[in-house]
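Engineer: Line order of the protein sequences matches chains A and B. 0 is the number of the first residue of the first sequence in numbering that gives the first Met the number 0; add one for each residue after it. 0 is the number of the first residue of the second sequence in numbering that gives the first Met the number 0; add one for each residue after it.
A hint or two may mislead.
What the hints assert, rightly or not - Calculated pairs, SDA-like style, for lysine to any residue (alpha carbon to alpha carbon, straight line, at most 25 Å):
no., chain 1, residue 1, chain 2, residue 2
1, B, Lys37, A, Ala297
2, A, Lys164, B, Lys55
3, B, Lys37, A, Ala301
4, B, Lys37, A, Arg260
5, B, Lys37, A, Val383
6, B, Lys37, A, Gly263
7, B, Lys51, A, Val139
8, B, Lys37, A, Glu256
9, B, Lys55, A, Val135
10, B, Lys51, A, Arg136
11, B, Lys37, A, Asp294
12, B, Lys37, A, Arg312
13, B, Lys55, B, Arg38
14, B, Lys55, B, Lys37
15, B, Lys37, A, Val135
16, B, Lys37, A, Val246
17, B, Lys55, A, Arg136
18, B, Lys37, A, Arg269
In case anyone wonders, no lab produced these hints; they're calculated from the structure. Remember, predicted model here, so these are calculated numbers, not experimental data.
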Amino acid sequence: MRLSPSQTLQRLDLDAFARRLLSVRRAYKRGGPAPERQLLYYGVMDSVNPPALLAVVGHPSSGRSSWLQAELSEQTWRSLADTWPALLWPEMEVHDRTGRVPEGHPDLHPLLKPHMHTLSGRASGAGVFSLPLGPVRADVTESGYFLFDTIGEQIMHLQPQLFYKHRGIERMAVGRTVEDVTLLAERISGTTTAGHTAAYVTAVEQASGYATPDAVRWERQLFMELERLYNHAHDISQMASASGMTVGQAQVARVKEECLRLAGDLTGCRYLRGAIKPFGSAAIDWRAVSSIVLDRLAAADARMQRFVSLLQRTPTFVDRLVGTGIVNRDWADDYGLVGPTARACGIRTDARLEYAPWTSDVGFTLCVVPRANGDALDRFEVRVQEWSVSIQMIRSLLSRLASTNHAENSDGPHGSPGPTVSKGWGGGTVEGPRGRISHVVQVDHGRIAFWGIRSASSWIWPVFGLATANGNIQTDFPVIDASFGLSYAGLDR
Amino acid sequence: MTLGQAVWMQGMQLGFVLLVSPLIKGILNRWKEFVQGKRGPSIFQVYRDLRKLFHKETVIPEDAGLLYRVAPYVYFAAPLIVTMLIPVLTSYPLFMAFAGDMMAGGFILGLGTYALLVGATAGASPYGGIGSTRARFVSMCVEPALILILFAVSFSAHATIPYIVNGVMQHLGWSPVHLLLMAAFFAVLLAETGRIPVDNPSSHREFSMIDHNRAYDYSGPHLALIEWGGCMKFVVLGVILLNVITSPWGLANGHSALALLAGAALVFVKFLALLAMVVWVESSIGKLRLLRIAEYMAAAAAVALTAVILAVAGV
Numbered sequence: 000m001r002l003s004p005s006q007t008l009q010r011l012d013l014d015a016f017a018r019r020l021l022s023v024r025r026a027y028k029r030g031g032p033a034p035e036r037q038l039l040y041y042g043v044m045d046s047v048n049p050p051a052l053l054a055v056v057g058h059p060s061s062g063r064s065s066w067l068q069a070e071l072s073e074q075t076w077r078s079l080a081d082t083w084p085a086l087l088w089p090e091m092e093v094h095d096r097t098g099r100v101p102e103g104h105p106d107l108h109p110l111l112k113p114h115m116h117t118l119s120g121r122a123s124g125a126g127v128f129s130l131p132l133g134p135v136r137a138d139v140t141e142s143g144y145f146l147f148d149t150i151g152e153q154i155m156h157l158q159p160q161l162f163y164k165h166r167g168i169e170r171m172a173v174g175r176t177v178e179d180v181t182l183l184a185e186r187i188s189g190t191t192t193a194g195h196t197a198a199y200v201t202a203v204e205q206a207s208g209y210a211t212p213d214a215v216r217w218e219r220q221l222f223m224e225l226e227r228l229y230n231h232a233h234d235i236s237q238m239a240s241a242s243g244m245t246v247g248q249a250q251v252a253r254v255k256e257e258c259l260r261l262a263g264d265l266t267g268c269r270y271l272r273g274a275i276k277p278f279g280s281a282a283i284d285w286r287a288v289s290s291i292v293l294d295r296l297a298a299a300d301a302r303m304q305r306f307v308s309l310l311q312r313t314p315t316f317v318d319r320l321v322g323t324g325i326v327n328r329d330w331a332d333d334y335g336l337v338g339p340t341a342r343a344c345g346i347r348t349d350a351r352l353e354y355a356p357w358t359s360d361v362g363f364t365l366c367v368v369p370r371a372n373g374d375a376l377d378r379f380e381v382r383v384q385e386w387s388v389s390i391q392m393i394r395s396l397l398s399r400l401a402s403t404n405h406a407e408n409s410d411g412p413h414g415s416p417g418p419t420v421s422k423g424w425g426g427g428t429v430e431g432p433r434g435r436i437s438h439v440v441q442v443d444h445g446r447i448a449f450w451g452i453r454s455a456s457s458w459i460w461p462v463f464g465l466a467t468a469n470g471n472i473q474t475d476f477p478v479i480d481a482s483f484g485l486s487y488a489g490l491d492r
Numbered sequence: 000m001t002l003g004q005a006v007w008m009q010g011m012q013l014g015f016v017l018l019v020s021p022l023i024k025g026i027l028n029r030w031k032e033f034v035q036g037k038r039g040p041s042i043f044q045v046y047r048d049l050r051k052l053f054h055k056e057t058v059i060p061e062d063a064g065l066l067y068r069v070a071p072y073v074y075f076a077a078p079l080i081v082t083m084l085i086p087v088l089t090s091y092p093l094f095m096a097f098a099g100d101m102m103a104g105g106f107i108l109g110l111g112t113y114a115l116l117v118g119a120t121a122g123a124s125p126y127g128g129i130g131s132t133r134a135r136f137v138s139m140c141v142e143p144a145l146i147l148i149l150f151a152v153s154f155s156a157h158a159t160i161p162y163i164v165n166g167v168m169q170h171l172g173w174s175p176v177h178l179l180l181m182a183a184f185f186a187v188l189l190a191e192t193g194r195i196p197v198d199n200p201s202s203h204r205e206f207s208m209i210d211h212n213r214a215y216d217y218s219g220p221h222l223a224l225i226e227w228g229g230c231m232k233f234v235v236l237g238v239i240l241l242n243v244i245t246s247p248w249g250l251a252n253g254h255s256a257l258a259l260l261a262g263a264a265l266v267f268v269k270f271l272a273l274l275a276m277v278v279w280v281e282s283s284i285g286k287l288r289l290l291r292i293a294e295y296m297a298a299a300a301a302v303a304l305t306a307v308i309l310a311v312a313g314v
């Protein structure tokens, strides 16, 4: 996301703010290959008095963004959630954090404090059962509570209750130095460490008027692609597991492990913590390692391709996925869906295409599937394609990085100009494994004054309940769950 | 054969099913993991798990009644009773052989399954209920195929006593009826013991499980009995497939202990072949959608029906 540090927020009154947001809503409603304007961030600044709503609207065609702010001076404000479902959860969050009430919100209840709210079934009648699942679940699944209304095997309604892992990370950061907050950014969601850190660091560097060297951008993108590789391998393995394909599960999980070990050997951390730093230089001398990395990637890729093609040719596997957990295009537009889940519906959206067009020079191509039914099979196919694209991107990024002189780039903060502006706003938008991640920061003399995080999962979670309920049966739930592959921690923060 | 000898031999049969069944499950688990490219647990892991469970305390849901407590014992006892009706180690009938035919064996196993699903429902956990309804659905789909298999057996053997049936099957000598019966019973065995494509025994996903859901509330020795009963059920159905329907080859003809031990070893070898088949199926196809189980069992029933028609026609 390009945002000049001098650009100020547009301070609007609540009515004008609402009008601007509704024009974005119309852009989503218009359909087409992808919305012309996107809501990158919606949240509240609760450290100022009175608290203020903050929205960042992205313009994918130009890669620019507009920043809107409106003070919540009254105890209530007019809710937009009834006309724009994407705001249902963000408005509840504002309510929880400030106590200001969104008037006309269709489903207002405590969101950030799940222990203060008891879900009850929505459906009633003969043969209707409410079935709870979680928050403690089998295996290594994160904490989330799901209440199913079922009739026989049919799922009628699903209410997810999340935020069991709400740590208040955004508030924790206020007043801390930019470098310390990097550690927090790495811990928003374990499986999206590189994505969140890259978005945070980009935002901080923009706020500080720092021009990021090319080599550093390439290196960050490489780490993000590596992260995508192991996340996609994990999701594909989970889909194989959910449909009982034991060999596929084990072998693709092995591919994931190979990617994690590669990340661990490169950066010292399997989950890429400590790899991306603000105002940093390229961390690794890529000339020395590039051939080893290429060899190991080729081995992982060969195994992946072999077992994916075996899965694709197994009728029982394909049968479990096809038509399961369909996301229809209306929901995708209403909730501003992002990432592979959106691309499986045929929406041509990808933050790399929209806000980092240079990635097309290093092998990025947008992956959409021709079927575009938005079912589990499409989500599987999109991930399979993206795996290959990421491998290709890592190859070309490696050749670029290996041809630059590491010594020139490794001078560290002393050699680079460093932060040039002491106060300012910045935004960072990247494409994580699950979709678009946006961070918004306000930096004041090297310390964080405000931090807003929108993970990909936060846009997708509300759709998950809808996609699970419509026409699916209980035994489909594991397949749907695996095909969405959402992060709980990234939403909860 | 004296009565004492007969009792002793029957004891050997029971001992084989009781003590070797966890080993057979252990080998199956290890082979399955081996095919996935892993080392897999020790083949004796099932014994260790049972020992662990027997040493644990039992936690019983508050409102669970007598049915809940009795169910694991019934489920455990059922395969042992069936063991006495079928040729596990010997090719000649033992003293309980004429107490019940294959139909009775099916009913007794069915009683164990029924007890478990009533017990699971009595535990009042929603998952127990789900598991029970799904298990009921699977049994309902299995039933026609099973009955048709029995028809085909009785038409071709003019008997349903396992010891007589296996003698006749031997002379069928891989005829179409024989092969079709083997295929149909193999499909029933996979469904009844909760293997892929009907249920995924290695799944940990609460929402899609069938067999494991029924044991969700059970703990400690109760759970051990259910697990052990499951192992024995697999062996009993395996014995019917291998020794009754396929061929009595390898069963002991003599009355000496040595002959019986040799019989046990050969039956074990036959089981290894069966396990290889199960592993092959489990590793190459996925778990079916719940409603497709009906189609799968309908296919098995169609195979069995063809066997019936061929048997009646005397091919």
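Engineer: Would you mind marking each hint as holding or not holding in the structure?
Structural biologist: Going down the list of hints, with the structure as the test:
| no. | hint | result |
| --- | --- | --- |
| 1 | Lys37/B x Ala297/A | holds (22 Å) |
| 2 | Lys164/A x Lys55/B | violated (32 Å) |
| 3 | Lys37/B x Ala301/A | holds (19 Å) |
| 4 | Lys37/B x Arg260/A | holds (18 Å) |
| 5 | Lys37/B x Val383/A | holds (24 Å) |
| 6 | Lys37/B x Gly263/A | holds (22 Å) |
| 7 | Lys51/B x Val139/A | holds (23 Å) |
| 8 | Lys37/B x Glu256/A | holds (13 Å) |
| 9 | Lys55/B x Val135/A | holds (22 Å) |
| 10 | Lys51/B x Arg136/A | holds (23 Å) |
| 11 | Lys37/B x Asp294/A | holds (23 Å) |
| 12 | Lys37/B x Arg312/A | holds (23 Å) |
| 13 | Lys55/B x Arg38/B | violated (28 Å) |
| 14 | Lys55/B x Lys37/B | violated (29 Å) |
| 15 | Lys37/B x Val135/A | violated (28 Å) |
| 16 | Lys37/B x Val246/A | holds (10 Å) |
| 17 | Lys55/B x Arg136/A | holds (22 Å) |
| 18 | Lys37/B x Arg269/A | holds (22 Å) |
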